[in-house]
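Quick note, the sequences are listed as chains A and B, same order.
What the first sequence shows, in our numbering, is residues 14 to 328, in sequence order.
What the second sequence shows, in our numbering, is residues 9 to 122, in sequence order.
No wet-lab data here; the hints were simulated from the structure.
Derived DSS-like pairs (lysine-lysine); straight-line CA-CA distance at most 30 Å:
| hint | chain 1 | residue 1 | chain 2 | residue 2 |
| --- | --- | --- | --- | --- |
| 1 | A | Lys190 | A | Lys163 |
| 2 | A | Lys121 | B | Lys85 |
| 3 | B | Lys48 | B | Lys101 |
| 4 | A | Lys121 | B | Lys44 |
| 5 | B | Lys44 | A | Lys190 |
| 6 | B | Lys85 | A | Lys190 |
| 7 | B | Lys85 | A | Lys163 |
| 8 | A | Lys296 | B | Lys44 |
| 9 | B | Lys101 | B | Lys60 |
| 10 | A | Lys190 | A | Lys210 |
| 11 | B | Lys101 | B | Lys85 |
| 12 | A | Lys190 | B | Lys60 |
| 13 | A | Lys266 | A | Lys190 |
| 14 | A | Lys83 | A | Lys296 |
| 15 | A | Lys83 | A | Lys190 |
| 16 | A | Lys296 | A | Lys121 |
| 17 | A | Lys83 | B | Lys85 |
| 18 | A | Lys163 | A | Lys121 |
| 19 | B | Lys48 | A | Lys190 |
| 20 | A | Lys121 | A | Lys190 |
| 21 | B | Lys101 | A | Lys190 |
| 22 | B | Lys85 | A | Lys168 |
| 23 | B | Lys101 | B | Lys44 |
| 24 | A | Lys168 | A | Lys266 |
| 25 | B | Lys85 | B | Lys60 |
| 26 | B | Lys44 | A | Lys83 |
| 27 | B | Lys48 | A | Lys296 |
| 28 | A | Lys121 | B | Lys48 |
| 29 | A | Lys83 | B | Lys48 |
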Amino acid sequence: MSDDKLLLTRRNALKCMAYGGAGTLFALSGGVFTPVDLAMARAYDESKEGKALGKPLFVQISDTHIGFNKEANPDVAGTLTQTIEIVNGMSVQPALIIHTGDITHLSKPAEFDMAQQIFTRLRTTEMHTVPGEHDTTDATVTEYFNRFGKASNNKGYYSFDHSGVHFIALINVLQFKPGGLGTLGAEQLDWVAADLKHRSASTPIVVFAHMPLWTIYEPWGWGTGDADQLMSQLGRFGSVTVLNGHIHQIVQKVEGNVTFHTARSTSYPQPVAGVGSGPGPLKVPTDQLPGMLGITSVSVVKHPSSLALNDTALA
Amino acid sequence: MILGGRRMMMTAVSMMLLWGTAPWNRSTAGSADPTKIVVKDFMFMPTPLTVKAGSTVTWTNMDDEPHTVVSDTGLFKSGGMDTNESFSFRFDKPGTYHFTCSIHPRMVGTIVVQ
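Here chain A stands alone, though its shape is the one from the complex (with noise of 0.2 Å):
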């Protein structure tokens, strides 16, 4: 495809914006954010543009519910295994992968074991998860934090940095309020205040938790009650990237420098917002669930200044 033609297409998906199908390419530059039909991404990669949009820095996975077995999907470990074979089959590996949490469905040591087992055919070796609400339903609450509490001290929430970005793990579905959304709780927000305090407002920020630290649907609890203390810590970054999981479908927003979005699920989609009894797993036509699930891909755009995010369905 010619330059020219790649520019013309690209108006047209710029006007014909679709989130789910294919996935959704976000390019943000300049601080502008630009969204791409995926099917163009390839060619996008191997233009001019495309190649400024520099080496992944990491892969998000979200919501593989390993131990999941019902209708909706009888194969999550399958799903997730083509997911696995996706992100190694990128030409550029990324340095990280994230897990955005449920990375079991019910907590148990079985299950965890297996997602652990799959999990070593990534080829990107650095993982850094947090876990969901699913991953806590055991009585002691341990089964997560025995395999993966090491880099919080088994606290839930830490922080590090790579390539010039600086990335914080936070923990919101452990002190749930009846009839509430997830929190975060004064201790966490006081350690990223502190985490925060040095830090030059020129520095990338990536945010990740398992449930959404925006508003999305009250009524299903698909928020978090004390979010806004941590966007108010947030705002003085230049380029801040909040990304979460839990509800199996991609939602996205952009507000000043900050941008919102949650990825899809590797395991099952779930319905829009307010559509039916509650947020369990939905069931589509089996030819149409690979394109409801996938990964979101995270580039650094113009080092270290920006970062884009690109959305990758199975199918």
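With the hints as your guide, set chain B onto chain A.
Coordinates of chain B only, in the frame set by chain A:
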């Protein structure tokens, strides 16, 4: 504890239909099986449930999505209940007990022990 499969489910569905379609029959249906709570469509039913002191209450999940039963005071806590799985707790002292599903905190219920 896992209760036996489809028969259990059908019984519970019939009970719900009975309650739903014949409200005048509610008290007798309640006395026939006064200590069961069905978890279905992201709701605890019935709630509030009134039982006598010493009763054992059983919650059974009939959704494709797992649920938990967690007391607000920490008195009782189930693990994740998959489809058709149950959790039971014996209430010895009179009082009002509130509980939540920790996976879906919007789901709340109450047991009144007399």
